[in-house]
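K.L.:
Single-letter residue listing:
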Amino acid sequence: MSLDPEYLKNERSQEWRAALRSKTKNKERTAIQRVHMPEQAPEIRVKYQDREVNLGITAEQAALEASRCMDCVTPTCIEGCPVSINIPKFIKLIENGDVLGAAATLKETNALPAVCGRVCPQEKQCESRCFYLEKMNLASVAIGHLERFAADFERESGIASIPKTAKPNGIKVATVGSGPAALSFAGDMVKNGYDVTVFEALHEIGGVLKYGIPEFRLPNAIVDFELDNLKKMGVKFETNFIVGRTASFDDLREEGYKGFFLGSGAGLPRFMDIPGENYNGILSSNEYLTRVNLMGANYETNDTPVIRGKRVAVIGGGNTAMDSVRTALRLGADRAMIIYRRSEAEMPARIEEVKHAKEEGVEFMNLCNPLEYFADEKGMVNRMRLNRMGLGEPDASGRRRPIPIDGSEFELDVDLVIVAVGVSPNPLVPSCLPDLKVSKWGTIVVDEDKMQSSIEEMFAGGDIVRGGATVILAMGDGRKAAENMHIYLQNKILNTTKIN
Amino acid sequence: MNKIVEKEYFSDKVIRLVVENPKIARSRKAGNFVILKIGEKGERFPLTIADADPVKGTITLVVQIVGVSSAKLAALEVGDSITDLVGPLGKPTDIELKGTILACGGGVGVAPLLPIVEAFKKAGNRVISVIAARSKDLILLEDQIRRWSDEVIVMTDDGSYGRQGLITAGMEEVIQREKIDECIVIGPAIMMKFAALTTKKYAIPTQASLNSIMVDGTGMCGACRVTVGGKTRFTCVDGPEFDAHEINFDEMLMRLGGYRSEEVVANNKYFQK
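Note that the protein sequences, when read in sequence, are chains A and B.
Using the numbering used here, you'd call the opening residue of the first sequence number 1 and step up by one each time.
Using the numbering used here, you'd call the opening residue of the second sequence number 1001 and step up by one each time.
Errors might be hidden in some of the hints.
To be verified - With a straight-line cut-off of 25 Å between C-alpha atoms, the simulated DSS-like cross-links for lysine-lysine are: (1) K1136(B) with K1098(B); (2) K355(A) with K47(A); (3) K1013(B) with K1098(B); (4) K1091(B) with K47(A); (5) K232(A) with K172(A); (6) K231(A) with K1041(B); (7) K1269(B) with K378(A); (8) K1193(B) with K378(A).
Claimed, not checked - DEER-style ranges, computed between Cβ atoms: (9) D50(A) with E1008(B): 40 to 46 Å; (10) K164(A) with Q1272(B): 55 to 61 Å; (11) R308(A) with G1039(B): 18 to 24 Å; (12) K1056(B) with T301(A): 46 to 52 Å; (13) D1250(B) with P434(A): 32 to 38 Å; (14) K1056(B) with I493(A): 37 to 43 Å; (15) S128(A) with S1081(B): 47 to 53 Å; (16) G1124(B) with K167(A): 55 to 61 Å; (17) R399(A) with D1250(B): 38 to 44 Å.
Please keep in mind that the hints were generated in silico from the structure rather than gathered at the bench.
None of the values given here were measured: they were computed from a predicted structure.
Virtual Cβ for every residue (Gly too), placed ideally from N, Cα, C.
Just need the whole structure built from these sequences, with the hints factored in.
P.N.:
The structure is reproduced here in structure tokens:
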């Protein structure tokens, strides 16, 4: 999905933008060092599950960082953004002192800017396409930090702008799930005038933003604020509702829903299927993080229990593994270990998360793979057996294949094991729709240009299509699905009127 | 929503609640369960639906007080509402005309057994029910079970009602006497384990409905995993009913104790208040 080049050109040629460009020489801009995100000190932050690690940049830092951006003629950064934020415009608004205007620009295409400013892997997206990096081999403009700054500034100002919505067209559409894909879809559809209802199976809206990502990376209050924006735009939310179970798709069609967006996520945790894996004290990262993030098991006042391990092994090297291991530290672990079968170079986690984890004292046992678990007489895990791995030729993922090293087996004392080796698509929705085409992995098959499934009024996106990706890719899918469902529904109405 | 419209004490520890939820009342099938949460800071826990009235828009739940959450649910009065209630979850029971069904319920397991007994009877099966409990006051829903059964055998551990003995004794008696086409067992894990061993001897196809620990109930957490036929399955989305002869009940019993030490602390805190 991309922005119209004409629109971008017009925006760029506005007087205030031209004036800003001529105000500072590019040489002066490129001489400025990239801003450093202030962080809570590691020894303090490991004590609090619900305090953010990244503290956010100041207004002065933001203005200076914004002035690094050269407002390129061809803003390649936008091509790196799955939701096509008008990046130079929002950055130049910050430079110009109009931070609220910058926030409004973000919200034109991004329903969750404060979320994305925190959890997007900008280094792999917009920032990887920045002129500084691509052409000058300098540190890219800190687009992510600036996004967070603008969104936070607006929230704290108490004067949040509500994006313009088209006149209500009375057409009802539904989302199945309330994670980033569905919310992004909902935001765009409500802007187009649709009557949007978000259906969520859990008791809280937000999907992985609430149950998965810990509060030290993404506070729930920030998610709630962005949800509130969507509510103000007219999006309706229904919790404790499993589409296909609580009511069938046919029931909803009868209630007048004309289009469905399936964004139910990759909710099924994978295990490794090794001996002893079902002992107590061995759980999926989904379970561990849900207990803490969604159910508040870390608070005395909440009923949900969580095992507070002292020697915690987290299996995996992705962001979920980092979230789990850092949560374990905050819940009092003496040893919090990452067990990863490849080396750090192949780790799928964001560099920032790995860095934060190391600063906090997480032990990285890379090139190690679990083989078996052992338990005490009550069935509580107390030990695991592993072997060391070497790296061979690149595999299908392009990463070097881990190969077990003979005779390298060793044992490790553990009292909590969190398995974070990936997720599979949640089968609940597809199982209710026999005509829906799914892949052999259980993901919903869509036309990639339109995100349309084999059932024409059903579009899908996020992890239920991708199998396991990022918040921002899910949001991009939601936008693409909204754009194409809009076209689909408008054509359908047009055709129906013609026939009549 | 989720308002309690009826409350009945079967005993001081076992309570029947009729709850308003028209959508679930309409869409639930025999064998389905719901997930509940009491209060903002409550935990999510599953309960199998004991009955439903789609006309009145209500479902019936039977809860036995075993810990903090069940106590909180049992403490709700008529007019109160359950904070969060979602369902129906799990695969429904496979109901068809099979011939003679042996339906076995132990303790509060009789409550989720009731809709299954009703459904099998309505599908034209001959249904023989064996219901069991420690003593007379813990025998639940006998009249309702009788309504949908061709015959009911009541067993109590102490002989205070029906016949004295374990549920398996009642089952053996029926199996010795006539051909059983299928058996369903619901109750405490240990009871289901021995009930399954009993029918295995006679190669009677048997389903057991499991009550694992769950958080979300939609396949997301994997807390409810159970080994069936050597493979790990999720009770919430693959069950709650499985081939009882293939279930690793010892592992299941062990897993039910996964949060025992946390539960003991929580119970002490709650019940001392």
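K.L.:
Evaluate each hint against the coordinates.
P.N.:
Here is what the structure says about each hint:
Under the criterion of a C-alpha separation no larger than 25 Å, the hint pairing K1136(B) with K1098(B) is inconsistent with the structure, at around 32 Å. Our distance criterion of 25 Å between C-alpha atoms is met by K355(A) and K47(A), whose separation comes to about 18 Å. Our distance criterion of 25 Å between C-alpha atoms is broken by K1013(B) and K1098(B), whose separation comes to about 36 Å. Of the supplied pair hints, the one linking K1091(B) and K47(A) is violated, its CA atoms being roughly 42 Å apart against a limit of 25 Å.
Straight-line distance between C-alpha atoms of K232(A) and K172(A) comes to about 17 Å, which keeps the hinted pair within the 25 Å bound. As the CA atoms of K231(A) and K1041(B) are separated by approximately 24 Å, the hinted pair is consistent with the 25 Å bound. At roughly 23 Å between alpha-carbon atoms, K1269(B) and K378(A) fall within 25 Å of each other, so this suggested pair holds. Restraint check: the Cα-Cα separation between K1193(B) and K378(A) comes to about 18 Å, which is no more than 25 Å; the hinted pair holds.
About 42 Å separates the C-beta atoms of D50(A) and E1008(B), a value consistent with the hinted range of 40 to 46 Å. At roughly 57 Å, the beta-carbon separation of K164(A) and Q1272(B) lies within the given 55 to 61 Å, and the hint holds. Distance hint for R308(A) and G1039(B): a CB-CB separation of about 23 Å, consistent with the stated range 18 to 24 Å. Checked against the hint of 46 to 52 Å, the C-beta distance between K1056(B) and T301(A) comes to roughly 36 Å, which is inconsistent with it.
Between D1250(B) and P434(A) the C-beta distance comes to about 37 Å, which sits within the given range of 32 to 38 Å. Look at K1056(B) against I493(A): about 39 Å separates their beta carbons, and that is inside 37 to 43 Å. Between S128(A) and S1081(B) the beta carbons are some 50 Å apart, a value that agrees with the proposed interval 47 to 53 Å. Distance hint for G1124(B) and K167(A): a CB-CB separation of about 57 Å, consistent with the stated range 55 to 61 Å.
The hint said 38 to 44 Å for the Cβ distance between R399(A) and D1250(B), and at roughly 40 Å that hint holds.
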